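Colleague: Okay, here's what each chain looks like letter by letter:
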Amino acid sequence: MTRNLTLSALGGLFVGTAVLAFPSMAQAQGQLTVYCSVQEEWCRPMVEAFEKDTGIKVSMTRKSSGETYAQIKAEASNPKGDVWWGGTGDPHMQAAEEGLTEEYKSPNMANLQDWAVKQWSQTKGRTIGIYSGALGFAYNTKLIASKGIPEPKCWADLLDPKLKDEVQVADPNSSGTSYTMLATLVQLMGEDKAFDYMKKLHKNINQYTKSGAAPAKATSLGETTVGIAFLHDHVTMIVEGAPMKAVAPCEGTGYEIGSMSIIKGAKNLENAKKWYDWALTPKAQAMAAAARSYQVPSNKDTPIPPQSPKMADIKLIDFDFAKYGSSAERKRLLAKWDAEVKNQPK
Amino acid sequence: MKPKTAPETALWWLGLAIASYCLLPWYWIDLSNGLNVTGWPVGASGSALARGIAGSKPWLLTLLLPLGLAALALMRRGQREHRGALLALAGALGLALLLAQGFLIGLKGWNAAWAASLFGGNPTQDGLGFGGFLTLFCFLLLLCEGLAMRGFCRGDAFIVSAIGVIVTTIIIFVFFPVTRVLSQAVWGPEGWIFGTFITKITDRSIWGLDCLTSTLNCGVAWNTVFLGIFVGVMCTLLGLAFALIATRTRFPFKRALTLFSVLPIITPPFVIGLALILIFGRSGVVSNLLYEWFSIPRSRWIYGFTGISIAQILAFTPISFMMLIGVVQGIAPSLEEASQTLRASRWTTFRTITFPLLRPGLANAFLVGFIESLADFGNPLVLGGNFEVLSTKIFFAVVGSAVDESRAAILAMVLLGFTLLAFWAQQAWIGKKVYTTVVGKGDAGLPSPLPRPIAWLCGLVTIPWVIFSLALYALILVGGFVKALGRDYTPTLQHLTTAFKINLDGGPIFTGSAWDSLFATLEVALLSAPLTAAIGLMTAYLLSRQSFAGKRSFEFGTMLSFAIPGTVIGVSYILAFNVPPFELTGTGLILVICFMFRNMPVGVRAGLATLSQIDKSLDEASLTLGAGSATTLRRVILPLLRPAILASLVYSFVRAMTSVSAVIFLVSAKYNMATTYIVGRVEAGEFGIAIAYSAMLIVFMLAVILFIQLAVGERRLGRRALSTPMPTS
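Chains W and X, in that order, give the protein sequences. Counting from 1, one number per residue, gives the positions in the first sequence under this note's numbering. Counting from 1001, one number per residue, gives the positions in the second sequence under this note's numbering.
Bear in mind the hints are in silico, worked out from the structure with no lab data behind them. The model shown is predicted, which means the values in this text are computed figures rather than measured ones. Built from N, CA and C at the ideal position, the CB exists for glycine as well. A few of these clues could be false.
Unchecked claim - Straight line, CA to CA, 20 Å or less: simulated DMTMM-like cross-link-like pairs of lysine to aspartate or glutamate:
no., chain 1, residue 1, chain 2, residue 2
1, X, 1200, W, 340
2, W, 57, X, 1516
3, W, 142, X, 1488
4, W, 331, X, 1555
5, W, 331, X, 1404
6, W, 73, X, 1619
7, W, 336, X, 1210
8, W, 336, X, 1404
9, W, 342, X, 1190
10, W, 142, X, 1292
11, X, 1483, W, 41
12, W, 73, X, 1190
13, W, 342, X, 1292
14, X, 1670, W, 41
Stated by the list, open to error - Label pairs and their in silico Cβ distance ranges:
no., chain 1, residue 1, chain 2, residue 2, range
15, X, 1108, W, 117, 27 to 37 Å
16, X, 1490, W, 313, 25 to 35 Å
17, W, 329, X, 1711, 53 to 63 Å
18, X, 1386, W, 323, 22 to 32 Å
19, X, 1425, W, 190, 45 to 55 Å
20, W, 281, X, 1489, 36 to 46 Å
21, X, 1493, W, 111, 35 to 45 Å
Using the sequences and the accompanying hints, generate a full structural model.
Modeller: Shown next, in the form of structure tokens:
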């Protein structure tokens, strides 16, 4: 009889597990599943404020934009999320290109910055800009003083032989930040000159990190003298008290557009649209600064946080997101970078 | 000796199958807002029979055929073999019908064009629910009962059922998702892609050997293998040193040592890497001192092979220690005493008796260390520098800025290939020798003390290691309570309160941002640990004590999910379990299942190593005395398996608490895991909160491990303690 007992216990265990693991699929009315790709402390107040304003119950999952993109792609046959808010525009545009996201025209679009609307029209209405941040570098003021190196102000200054093994940037294969730099340099200098530049810069690079924001952290700790990343990532470190100075390169620089998309096949489409409209309002966008995120908001009426890098002082290039966001161009540039830059001896 | 098949169990299973077919909700229903069975029995929560008759899901009625056949087989009189054949047929038919329906009819209609043109119409169905799963389970057991009646496994229905259940679950939860994802290597959206497959798998970035001839990096495959072998060997040796010190010397702080060696495995990922950077990084504590005192220039030596291997050895040595301590304890002292009586020196005894008997343990410890290193993701991410390994490459092939599923699948295949090789090498090394040392007779011998040079060596290796770990942990603890580790050492409680604030007005309300993920993690980890240990040890028992066809491939199948990097497992689980028949994404269940099958190999390895020492005559004695195999397992084998139970319980609990890459795609709003929360903090550069949270997790895990240790208890072998004097009576 023991064997019967054991087997039935085993069966019971299975059922018990099934009972304990309640599904949390948001299907009922008044619910919304948000995939959030900025940091947690910005996601949470957004969700809470939206719940308060609309009475819709939000389930929020925070993942990086690359992870969210991979998840939406894998879930395409039976989508579990409704709206994807935040994160760099690159994967949003890839998702739009593959038809993973839904077209939508919000009534709140009138007041948006041109770059936000341009991204929307380039993707045929599938993704829209909610914030933007310029690319740049930062140096550790203590290290630069102790080494007696003149303060770098331009992309060209980073080629200084005194900075050998002192510059850090992410690997464009793994990080959208670094791919933005690759595309920026190509647009700024022309492809041949840009690759020449990167080959020379390669001698000064101590490490191609995996994550795009890692060079900012490494600069704050003094693990590297110069780090290349988005300026707002540097500003976050500076606000925390790191001995750093952020620089917008004098030749001009590119930028990212943090984006928002509605997932195709969303189970709560109406609520997703409500979130979409709401997230474009100045009230919602003003929450960024409180969460120590210093990007420039896309609604013209949103106050720009005083710590934000002044977009007026930065020479921005006319970034061609349609061309450099397409997967064919991306694959070609990355393959070329692998062959001509990364695999070269120093 | 032929245990009677009990047809009453089969009857029981048939009854359960019929009940769940007729009464329980067949499809998955949303229970998150309480039990909602409106419309039962014909609505959305209706049973298979009701919905079949009502006409909305007519294909469910075909299941009446296998149910009827099974009833016929059990009711009818006749030859046992014939009835068994009929019962097995009924079970197999039921399984086949149920799965075929599940895979052919999806959420939006037919999943295959040929089925649509054959049957027509546009039927739809959801994922299986209680009724569906339970019926599936019963069909499987009826098949096993039938096979047992036919005389499989000497007619022992318990063994046949156990094999059947484990094999089926491994097929569903390991083979099915893994093939789904690996098929992407040769099958793209445009059809077969053999050409690109060949180009990509022979790529120089994988197999290049440039590092031998120039300053360039070698291919990522070689990097991974060198690292894996180095870490595997070092972990095994260190683990052995710890195990020998803990069991064979008069070392005074044994308990502390045991407890301490557990610390690294309960440390959340990234933390060790981070602490290493803060000590040995360019502006780390030690580098600063070296620079100020001896003007040794600061360098980045910690980034790359050196750093990753130190972090991995720190993290995986305890696992090999826990596996080896059981094996060292199990070696019968009388063999060693016999050797010494025959005038062998301590050294000869160690070399010719103790060490050879340790071989299965060593081989298993190496295998686990090697595979762990291959699958590790957190440490290479933080400390990798320009040294690349397969696991991070795969991760960024899935989530990086250049998404390439086929490349990810190909790299995963390479990784899997190495695991396969390691597995075969291990089998070849252990060979067919016998390692039994725990026998029925009490062993009155004293374990021989270690030869002095070895004891010294062990001490010399382990003590600095412990001091090193201590320093590391002191730093981690400090990190949670200062403003910004590495820059501003002003003490603060701010990180802890952000994460773990408790509002006490009007009853405790957990307002900190980390509580949700902590509770979800604890729930999932506590649920998955016993399940993992149970299935792992059961598998080990079947592998070492039963013989059946396809045993080797069965054994390899259990290792498969362990070898595949977490990211690939995560994506494969979404691909496989996001649509009917098994629609599990978004639930806590998918996390529990993922952990079960990902961590069971440790239970299997620990169980096998321990079981290979236990004499089969112990089981046989119990069986001869009339106990069934279930009773033997419970009364004889399990008590002797205590070290293995402990190892697998602790390991699976801890891994469920600390694994990152596998769960990153499986977490949902309700089931967010502690580690994904921590990774988010690390990404945002908030090391303070990440470390404070990690410190909390360490405390929690330590408490649970102590509890498990108490609950499982120690195994009592017929051995005298080393320190007690000879009894006089």
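Colleague: Could you check the structure against the hints above and give me the numbers of any it violates, in ascending order?
Modeller: 4, 6, 9 and 13
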